[in-house]
Amino acid sequence: MTLTDDNPPSDSSHTENHNIEINGSKRNSLHNVDGKLYCPVDLEENIPRITTEMVSDDKLEYQIYETPPILVGIAVALQHILMSLASSLSMAFIISDALCVPYDHPIRTKLFCSTLFMCGFSSILQTIVGVRLPIYQGPSASFMVPILALGRDESWFCPSDTTSGLENNVTSTISSMMDTNTTQTRITPLSVDERLQQLSGSLMLTSFIEVLVGGLGLVGPLLKYIGPITVAPTISLIGLSLLKVPIIYSRPQWAIAFSGCVLVLVFALYMFHIRLPMPRIRCRKQEKPEPRFRFAIFKILPILLSIILMWILSAILTATDVLPDDNKLLSYKARTDSKINIVGLTPWFSFPYPGQFGMPRLNTAVIVGFSAATIASLIESVGDYFAAAKACQVPSPPDHAVTRGILMEGVASIMSGALGVGHATTSFSGNIAAIKLSKTASRSIMVTAGLLLLGISVFGKIGACLALIPDPALGGTLIILLGLLVSLGLSNLRYIDLNSNRNLIIVGTALVVGLMIPEWIDSHPDFISTGNIEVDQVLKVGLGTPMFLGGIIALILDNTVRGTLEERGMIAWRDSHSGDPTDLSAKPDVNLSLDVVYDLPITKYIYKWWPALSCLPFLPGNRHQDQHADNKHMLEDTEVQGHVSDV
Numbered sequence: 001m002t003l004t005d006d007n008p009p010s011d012s013s014h015t016e017n018h019n020i021e022i023n024g025s026k027r028n029s030l031h032n033v034d035g036k037l038y039c040p041v042d043l044e045e046n047i048p049r050i051t052t053e054m055v056s057d058d059k060l061e062y063q064i065y066e067t068p069p070i071l072v073g074i075a076v077a078l079q080h081i082l083m084s085l086a087s088s089l090s091m092a093f094i095i096s097d098a099l100c101v102p103y104d105h106p107i108r109t110k111l112f113c114s115t116l117f118m119c120g121f122s123s124i125l126q127t128i129v130g131v132r133l134p135i136y137q138g139p140s141a142s143f144m145v146p147i148l149a150l151g152r153d154e155s156w157f158c159p160s161d162t163t164s165g166l167e168n169n170v171t172s173t174i175s176s177m178m179d180t181n182t183t184q185t186r187i188t189p190l191s192v193d194e195r196l197q198q199l200s201g202s203l204m205l206t207s208f209i210e211v212l213v214g215g216l217g218l219v220g221p222l223l224k225y226i227g228p229i230t231v232a233p234t235i236s237l238i239g240l241s242l243l244k245v246p247i248i249y250s251r252p253q254w255a256i257a258f259s260g261c262v263l264v265l266v267f268a269l270y271m272f273h274i275r276l277p278m279p280r281i282r283c284r285k286q287e288k289p290e291p292r293f294r295f296a297i298f299k300i301l302p303i304l305l306s307i308i309l310m311w312i313l314s315a316i317l318t319a320t321d322v323l324p325d326d327n328k329l330l331s332y333k334a335r336t337d338s339k340i341n342i343v344g345l346t347p348w349f350s351f352p353y354p355g356q357f358g359m360p361r362l363n364t365a366v367i368v369g370f371s372a373a374t375i376a377s378l379i380e381s382v383g384d385y386f387a388a389a390k391a392c393q394v395p396s397p398p399d400h401a402v403t404r405g406i407l408m409e410g411v412a413s414i415m416s417g418a419l420g421v422g423h424a425t426t427s428f429s430g431n432i433a434a435i436k437l438s439k440t441a442s443r444s445i446m447v448t449a450g451l452l453l454l455g456i457s458v459f460g461k462i463g464a465c466l467a468l469i470p471d472p473a474l475g476g477t478l479i480i481l482l483g484l485l486v487s488l489g490l491s492n493l494r495y496i497d498l499n500s501n502r503n504l505i506i507v508g509t510a511l512v513v514g515l516m517i518p519e520w521i522d523s524h525p526d527f528i529s530t531g532n533i534e535v536d537q538v539l540k541v542g543l544g545t546p547m548f549l550g551g552i553i554a555l556i557l558d559n560t561v562r563g564t565l566e567e568r569g570m571i572a573w574r575d576s577h578s579g580d581p582t583d584l585s586a587k588p589d590v591n592l593s594l595d596v597v598y599d600l601p602i603t604k605y606i607y608k609w610w611p612a613l614s615c616l617p618f619l620p621g622n623r624h625q626d627q628h629a630d631n632k633h634m635l636e637d638t639e640v641q642g643h644v645s646d647v
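Quick note on UniProt numbering: the sequence shown kicks off at 1 and runs consecutively.
Because the hints were derived from the structure by calculation, they are not lab data. Treat the hints with care, as some may be off.
Distance condition first, Cα-Cα at most 25 angstroms in a straight line; then the derived DSS-like pairs of lysine-lysine [as the list claims (entries may be wrong)]:
no.	residue 1	residue 2
1	Lys244	Lys59
2	Lys328	Lys390
3	Lys390	Lys333
4	Lys436	Lys59
5	Lys244	Lys390
6	Lys244	Lys439
7	Lys333	Lys59
8	Lys461	Lys59
9	Lys299	Lys461
10	Lys224	Lys299
11	Lys224	Lys439
12	Lys390	Lys461
13	Lys333	Lys461
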């Protein structure tokens, strides 16, 4: 290929044409306009379209394959951890309350440290082995709904006395609110360890759903039946069904809770554009000083800032005795020293291990609820993979990378069940947005974040200090987090035809029924009585889990009521969850191929000794590698990249 210039240099010329000859035939020209080269449309069949910009604000500082300096890597890794810290802390506390863990017992710290351990482990596993994108893995909010629904079962009622063998008789706030309509229990309540054992075994079993979907390559067939009409009410009902949670955490001191909520709104909506100057650490003296780094702290960490400020406010009110010192009063939980016993009872070092709460057990009702949560988490993760690829400016993930990512999520969830944390791990969309904002897409940064989380989880005192955060400081942020969860679900309606009565009826019915029946069962716990305890538990949890009930209704109606694929939003939905592997979202000077981004480094050695493994859906096949080899040779023959850089 040759590149010729038809226009002589001219100082006043802002547009130049460059002819291209490929295999002896002269084709249309590359147009140089103000320093940018544009490839004509008719060259798409021969070479990828090229657009070179001299200066681009969207260019990444560190590509996915690059390793930043140590200090930069640690700083960005800490940013990812701080962004998700509030979610991890809230999940651990809510599960502790649902399990009737005493208010100041060290099990709360143990659950929180185990949650951080799983976040670090699963993030490293997903980044290195899974989809191989820098995706942060955190606790899935989908599992809170079935856990809270278990409070309707008599065996999960919080005992009025210390039946669990714990030293403190302070019982759960959430579960005590659920059993207000119960006058007498006929079944002996389970202890905290027994509840954790049932959650552990059931989570390990239901996590095999993700393992099977990823291992057998069933993501594509699954998306043929599950579309935006099913996903929208399912995700939205997760947030709507948890409305009691921020109420319970806010009621000790409503002023602190609402102040925290207002701060999040002010930071995220009114001050997001403000960048504060941050100090730079220089290892050696530089002749030319670098410009001061400015960090959009209000845009990236609004929730964490709100929690810290409300924690400080609670400390001031505690020191001045504005908050009561009587532990029998509800407002006592707004004090910063209300859980001070946790620090003394928690050991300095505590390494999470499988079976730390006892041998895992199975519970049919928990399995039903966790199955719905697993499917909801799976669908959300698939969308996050493509969003992460776009943020990292790399090609969209191929099928084998998506299925391998789901497979690794299932493996990590099985590990979560073995540790007894009570929830699975899933991808966090907020951290994906932080990649684009910070312009750092390096895998090594996410691995560093995972290693830091593993280190923090081992130091029990750190988790104990974080467990001292007052409930109202978390309650205000939960209002925003649940609102975002509802909006995330409703945002899937952009794919469907909202002028169709069919779609409106299905979505509306799923939402209303998903809220109505669980509310009725919550108000009348004795309404379901078949005479079989196991059947009663399954029906109460299944019909009492809004996302499961609403999702099933939407799934059945969407696949049985007549409607076109375009009307149902399936075409746009599938396009958003399947990218063209040859369409590079990255800048042309990066020139990344699929095998560089998504293939495992040991793949070539695996195929050398066991070539039959190439048929596995989570590994790239030989045809996949041959295709990329041909594409690579084509780019080398045309030498487009070298000529463009010369121009």
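Cross-check of the supplied hints:
1. Lys244 to Lys59: violated (43 angstroms)
2. Lys328 to Lys390: violated (53 angstroms)
3. Lys390 to Lys333: violated (44 angstroms)
4. Lys436 to Lys59: holds (10 angstroms)
5. Lys244 to Lys390: violated (36 angstroms)
6. Lys244 to Lys439: Violated: Lys244 and Lys439 sit about 38 angstroms apart, past 25 angstroms.
7. Lys333 to Lys59: violated (48 angstroms)
8. Lys461 to Lys59: Violated, because 41 angstroms separates the two Cα atoms, which is more than 25 angstroms.
9. Lys299 to Lys461: violated (30 angstroms)
10. Lys224 to Lys299: violated (37 angstroms)
11. Lys224 to Lys439: Violated. Lys224 to Lys439 sits at ~34 angstroms, over the 25 angstroms cutoff.
12. Lys390 to Lys461: violated (39 angstroms)
13. Lys333 to Lys461: holds (21 angstroms)
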